[in-house]
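A.B. asks: So the chains spell out like this:
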Amino acid sequence: MSAGAPPIVRIQGIVKDFHPGLGLRRRRVLHGISFSVREGEIFGFVGPNGAGKTTTLKILMGLIRPSQGAASILGHDVGETSFRRHVGFLPENPYFYDFLTGREILRFYARLSGVPRSRLGSRVDALLAWVGLTPAADAHLRTYSKGMLQRIGIAQALVHDPSVVFLDEPMSGLDPIGRKEVRDLILRLRSEGKTVFMSTHILSDVEMVCDRVAIIVRGRIRFEGATHEFLTGGEPEADVVLARLSPEAAASLEEEFRARLRGVDERIELRVAEKLVNPMLHAAIAAGAEVVSVTPHRMSLESIFLSAVEEDRARSKGAGGEDPT
Amino acid sequence: MITRVFTIAWNTGREAVRSKLLYTLFFFALVLIFASLILANISYVERNRILQDIGLASIRFFSVAISIFVGVGLIHKEVERRTVYTILSKPLSRGEFLLGKYLGLVGTLWLQAAIMIAVFAAISLLRGVALDAGHAAAFGLLAVELAVVVAIATFFSAFTTPLLASLFAGGVWIAGNLTRNLRDIGADSGVEIVQQVTALLHRVLPDLASFNLSIEAAHGLPVAASDLWLPALYGAAYVTIVLVCAVTIFERRDFK
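Chains as they are written, first to last, in this note's numbering: chain A, 40 to 364; chain B, 4 to 259.
Hints listed in this document are in silico derivations from the structure and should not be mistaken for laboratory results. All residues carry an ideal CB built from backbone N, CA and C; glycine is no exception. Among the hints, a few may not be true.
Label pairs and their calculated CB-CB ranges [said to hold, decoys possible]:
no., chain 1, residue 1, chain 2, residue 2, range
1, A, Q107, B, W113, 44 to 52 Å
2, B, W232, A, F122, 40 to 48 Å
3, A, Q107, B, E254, 14 to 22 Å
4, A, F122, B, D257, 17 to 25 Å
5, A, D137, B, M4, 23 to 31 Å
6, B, D257, A, E313, 26 to 34 Å
Listing some non-contacts, in silico: residues in chain A with all C-beta distances to chain B over 12 Å [what the hints assert, rightly or not]:
no., residue
7, G101
8, A289
9, E350
Under the rule of at most 25 Å between Cα atoms (straight-line distance), these lysine-lysine pairs were calculated in the DSS-like manner [to be verified]:
no., chain 1, residue 1, chain 2, residue 2
10, B, K23, B, K259
11, A, K185, B, K80
12, B, K80, B, K23
13, A, K219, B, K259
14, A, K185, A, K219
Could you build all of it, start to finish, from the sequences and the hints given here?
C.D. replies: Structure (structure tokens):
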């Protein structure tokens, strides 16, 4: 998508309060969140349990209404229904009518989504094959495993060939093989030009598939941007491991190139800005060092995520505990 | 819109047909209809009238019981099991969803009532009693009554739990059968406030007694055309108002 193209999903200043009733205080679960999703990307919506991910997704799906703010998909307000023929949704831990078979449930959703009767059979068969459920197509859903239900859930989200797909915790409860299968399915969706919005708390999955991420903590967006920007944490750095370097020469490199130094057995590791790697290597070799390795430094999403949670916790302590509601 | 409503209705019917609870109640209804035959046989007097009274009452009671039992969980179950999440993410309004659920259940109940009536008709014929126009009118209004009861159950199901909804819907059904008596008692009381309250209740609660032509059918009493179309019109209007209220509430709900 070009930078000027309108976003596929836009959330602006969304606030959501829940009112328990009986005179109890309202509970604010979203504090004016804003972000956008671009066409053709896999967008990871990341946060710990209870951060507000599912509430945000429910607002996007029109299942709950925001207290303030606006949300749109494909330029339509999420309160409308007709544009949903272009939208697919897989909820967290989906439950389907278990008295139906896999084929029957897909036909049901296809008809609701407006798939023409003439294309119904072929579309359902293609989807069953796509998610690898053709052999179980005529078994009742009550006999399906968790992984099979997740796959039928993905199939129902795609049965009408939507252009944007929302997946709430798509890997939750799956074994490693199941997670890989779902990851592959998501990557295939991107290769078909679809936009994928994926809510999850499994960071390794986000690192592997998402183009951009937003991190939500306690109802507030803490980060939004390209995944690789997060992983490099601002200015790109590299880890250089050297051997046969005297402590004095190491200290000199540390000072000259503003590198961070740590000793690993008889070797020395220096973390330095990527643009300074070449001059530092020349200086090190001139000082008699042997270069063991040079590795680009990648900050893990987990460390960014944890620091966001910690920062939020510290901020909330500073503000006197709970968020004002 | 029609395709979407029909799809929901068809699926609701399919779920009801595959439900064990429905079969249990249906089985008891058939047992009672057969029991009316036995009771009629062991009686010395008015055997045919006993057969008619018990048979018609069984069909009505069990049809209404099934309406309430299944109707009160109609919407709540979808929300509780979260099936509503995927359904409402499709290009389908909440009103279409609720209307589809309602029509699906009404259609299923009418089909069940038709089977019970067919069994009752066969038993009556065995006893040498042919069903007449009075019976047809009674069964026609039973269909309207079922539509009203399911609408009331659906209304409560749109915002409360099945337990409370069954208490409310059952209470409305009982009160709806007594609303005329209530109005008459109020009128006879001579106290203005009582008269106003009972008159208001008579207007708000469904006048279910107007749908009951069992006595006319059992005794072969004449039924005027207005005894049929007026309650049918009233029932249709009542269903419309209740469903509009149900949709209005359902539209405003947050599915947390």
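A.B. asks: For the pair supplied as a hint, K23/B and K259/B, confirm whether the alpha-carbon distance does not exceed 25 Å.
C.D. replies: 29 Å, violated
A.B. asks: Taking the CB of D257/B and the CB of E313/A, does the distance hold inside 26 to 34 Å?
C.D. replies: The hinted range 26 to 34 Å is violated for D257/B and E313/A, with Cβ atoms some 49 Å apart.
A.B. asks: Does 14 to 22 Å hold as the CB distance between Q107/A and E254/B, or does it fail?
C.D. replies: 19 Å, holds
A.B. asks: Can you tell me whether the CB distance of F122/A to D257/B sits inside 17 to 25 Å?
C.D. replies: Given a distance of about 21 Å, which is inside 17 to 25 Å, the answer is holds.
A.B. asks: Mind checking the alpha carbons of K219/A and K259/B for me, to see if they're no more than 25 Å apart?
C.D. replies: 30 Å, violated
A.B. asks: With the threshold set at 25 Å, check whether the alpha-carbon distance from K185/A to K80/B stays at or below it.
C.D. replies: 21 Å, holds
A.B. asks: Just want to verify: E350/A was marked as not at the interface with chain B; is every Cβ pair farther apart than 12 Å?
C.D. replies: Holds, because the least Cβ-Cβ distance between E350/A and chain B comes to about 28 Å, which exceeds 12 Å.
A.B. asks: Is 23 to 31 Å a correct range for the gap between the Cβ atoms of D137/A and M4/B?
C.D. replies: With Cβ atoms ~28 Å apart, the hint holds.
A.B. asks: When you look at the beta carbon of A289/A, is every beta carbon of chain B farther off than 12 Å?
C.D. replies: With a cut-off of 12 Å, A289/A remains clear of chain B, as the shortest Cβ separation is near 59 Å.
A.B. asks: CA of K80/B to CA of K23/B, is that 25 Å or under?
C.D. replies: 16 Å, holds
A.B. asks: Checking the smallest CB distance to chain B, is G101/A really beyond 12 Å?
C.D. replies: Non-interface label on G101/A violated, nearest chain B Cβ at 7 Å vs cutoff 12 Å.
A.B. asks: Given the proposed pairing of K185/A with K219/A, does the C-alpha separation stay at or below 25 Å?
C.D. replies: OK: K185/A and K219/A at ~14 Å, within 25 Å.
Going down the numbered hints, you'll see the structure goes against 6, 7, 10, 13, while the others check out.
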